[in-house]
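Those letters in the sequence shown? Residues 73 to 664, by my numbering.
Watch out, some of these pointers could steer you wrong.
[Stated by the list, open to error] Derived lysine to aspartate or glutamate pairs resembling EDC-like cross-links, with alpha carbons at most 16 Å apart:
1) Lys527 <-> Glu483
2) Lys564 <-> Glu498
3) Lys527 <-> Glu495
4) Lys564 <-> Glu659
5) Lys527 <-> Glu477
6) Lys235 <-> Glu112
7) Lys89 <-> Glu281
[Stated by the list, open to error] Across the chosen pairs, the derived CB separations fall in these ranges:
8) Ile322 <-> Tyr376: 27 to 37 Å
9) Pro384 <-> Ala629: 45 to 55 Å
10) Gly285 <-> Gly509: 35 to 45 Å
11) Glu423 <-> Pro384: 42 to 52 Å
Note that these hints are calculated values from the structure, not bench results. Since the structure is predicted, the reported quantities are computational estimates derived from the model, not experimental observations. Glycine residues also receive a C-beta, built at the ideal position from the N, C-alpha and C atoms.
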Amino acid sequence: MASSAATIAQMFDRQAKRYGDRALLKAKAGKQWRDYSWREIADSADQLRAGLIGIGLRAGDRLAILADNGPKWIVVDQAALGMGAVVVPLYTTNGPEEMQHILSDSGAVVAAIEGPHNLERIAAIKDRLPHLRTLVRMDQDGAGADGSTAQTTSIAQLGAGQKAEVCEGRGQDLATLIYTSGTTGPAKGVMLTHRNILANAEASMAHIELGEGDMTLSFLPIAHAFERTVHYTVFMAGGTVAYAEGLTQIAQNLLEVNPTILLTVPRLLEVIHGRILRTIESSSALRQRIFRFALSTGTRAAWYRHRGRPLPPHLAAAMAPLRRLVFSRIRAPFGKRIRYLISGGAPLPVEVFELLAAAEVPIVEGYGLTEASPVVSCNFHGRTRLGTVGPPLKNVTVKTASDGELLIHAESVMAGYFNREAETREAIDSEGWLHTGDVAEIDSDGFIKIKDRKKEIIVLSGGKNVSPANLETRLVADPYIAQACVFGDRRKHLAALLVPDFATLRDQARTKGLPADAAPELLVGDPQVRAFYQRKIREFNKALSDVEAIAAFTLIASSFSQENGELTPTMKVRRRVIAIHYERQIEAMYRN
73 MASSAATIAQ MFDRQAKRYG DRALLKAKAG KQWRDYSWRE IADSADQLRA GLIGIGLRAG
133 DRLAILADNG PKWIVVDQAA LGMGAVVVPL YTTNGPEEMQ HILSDSGAVV AAIEGPHNLE
193 RIAAIKDRLP HLRTLVRMDQ DGAGADGSTA QTTSIAQLGA GQKAEVCEGR GQDLATLIYT
253 SGTTGPAKGV MLTHRNILAN AEASMAHIEL GEGDMTLSFL PIAHAFERTV HYTVFMAGGT
313 VAYAEGLTQI AQNLLEVNPT ILLTVPRLLE VIHGRILRTI ESSSALRQRI FRFALSTGTR
373 AAWYRHRGRP LPPHLAAAMA PLRRLVFSRI RAPFGKRIRY LISGGAPLPV EVFELLAAAE
433 VPIVEGYGLT EASPVVSCNF HGRTRLGTVG PPLKNVTVKT ASDGELLIHA ESVMAGYFNR
493 EAETREAIDS EGWLHTGDVA EIDSDGFIKI KDRKKEIIVL SGGKNVSPAN LETRLVADPY
553 IAQACVFGDR RKHLAALLVP DFATLRDQAR TKGLPADAAP ELLVGDPQVR AFYQRKIREF
613 NKALSDVEAI AAFTLIASSF SQENGELTPT MKVRRRVIAI HYERQIEAMY RN
């Protein structure tokens, strides 16, 4: 472990010297997986670093990266960090206005870009970015920008035949500006130092006992703080990162590389949960009874496992055949070596957790935020509590304010928001406590339960407070609902936009008396479909108080997406954006 290093680049350099030709990264090249050794990535970073210095990049300058996950992302990142530059990651799903805001606000002078499409997107706005001097193509044959305002060069041309060693640096030096994908307002640049991130990586590595034999399959964007810090954590542990080919190939890639650690967001697990339930619903009555018995038995066994206690003999005997007959099929898609399936970014529906836990899938929930580098807490094997995000990491202190807001004190807390002193003072108080904006409860054993976003609590016109996030989590647990967004602030009652799970709807169309082959636009307007969802909402409301009940809903045909700004990169809804896009439908629900 290279925890004594002052900077991320120093840590990486020490590990590269230690592990040499051992595989650090894995990526698909055609139909075959290719290994990238520690030495290969470190040498490429040293060469690129010499090239960046040659084009005038200096310590403290900002360098933006716009690329898909892959070895080149790491090469550019380590090259920049190793010369004291500050990395500004961009999402490939950022719209032009958001991209321009981040590049302008950060004052990035160099942008490393992968793919002609991304190069053209930056070229289209570069005249409005006076600080941006150089575009670096991460593709060897990249084409696009004409270079009329900014110089354009390729990663292969920079530093060819030269090398620049990792510079001296301090832990308090700025490592990165990560722009928060907030649900309201323009993105703010979170300033994270090398020490912020290394402290978080060290604590995370110890929390889940990460080691040299571990491998993670990466599919969340490296631009996100969670995935980025996990990369550094794996590097610190001497493990391996494999890159998924894309969202549609995750299932295949899991079986090909058999990772030990998988980071995910609830939406992916909700899809898996829905598919399992659809399969069971279409099975015979006998198979459905066997499944229900297996789920009940597995849930009881999980209670013991999560507390680190051995199973009673009768329960162990009951689980043995169920592992082979039922649970093996649920576990199979995650590979043979999975140690941790870590869900974060949004609340995981209880039904999803219970099913996976019953099948002995090692599912745990964690919690974090970019401003904390980002991991704050996580459940772990032998100490898991349903409905919580676990205890805090060893070097993190938490408490709740008088209004229930979760406060954090840790070495991993950000240095502040870039060029936003007032907002920094609002987020971090005079005693160094980070105000998360999340309402939480902390039990006597230190387990944290996140109840809602403080700023997203809906206040109905009658003065009652309602948590939209909790309701949305419960709504999407229904296999017939893919996405949900709840509204009602300063209104008399709640209303919701619902995106049906059209695959589930069509699979069950004949048994439910619904049209099967119609396009989504026609299905959401069909009276039978409307009546079907009306019955579902009626059942949903039975367990709720009157103020929490969904009084009106509208079915919509198009999914909320990152591309149109309706979802954050971790698939959380941006309520303000959705409210603008569906203003007519929302107003109609309240008029009616």
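Hint by hint, here is what the structure shows:
1. Lys527 <-> Glu483: Cα-Cα ~25 Å, so violated.
2. Lys564 <-> Glu498: 31 Å, violated
3. Lys527 <-> Glu495: 15 Å, holds
4. Lys564 <-> Glu659: Holds, because 13 Å separates the two Cα atoms, which is no more than 16 Å.
5. Lys527 <-> Glu477: 10 Å, holds
6. Lys235 <-> Glu112: 13 Å, holds
7. Lys89 <-> Glu281: 23 Å, violated
8. Ile322 <-> Tyr376: 27 to 37 Å: 31 Å, holds
9. Pro384 <-> Ala629: 45 to 55 Å: 50 Å, holds
10. Gly285 <-> Gly509: 35 to 45 Å: 38 Å, holds
11. Glu423 <-> Pro384: 42 to 52 Å: Violated - the Cβ-Cβ distance for glutamate 423 and proline 384, about 25 Å, lies outside 42 to 52 Å.
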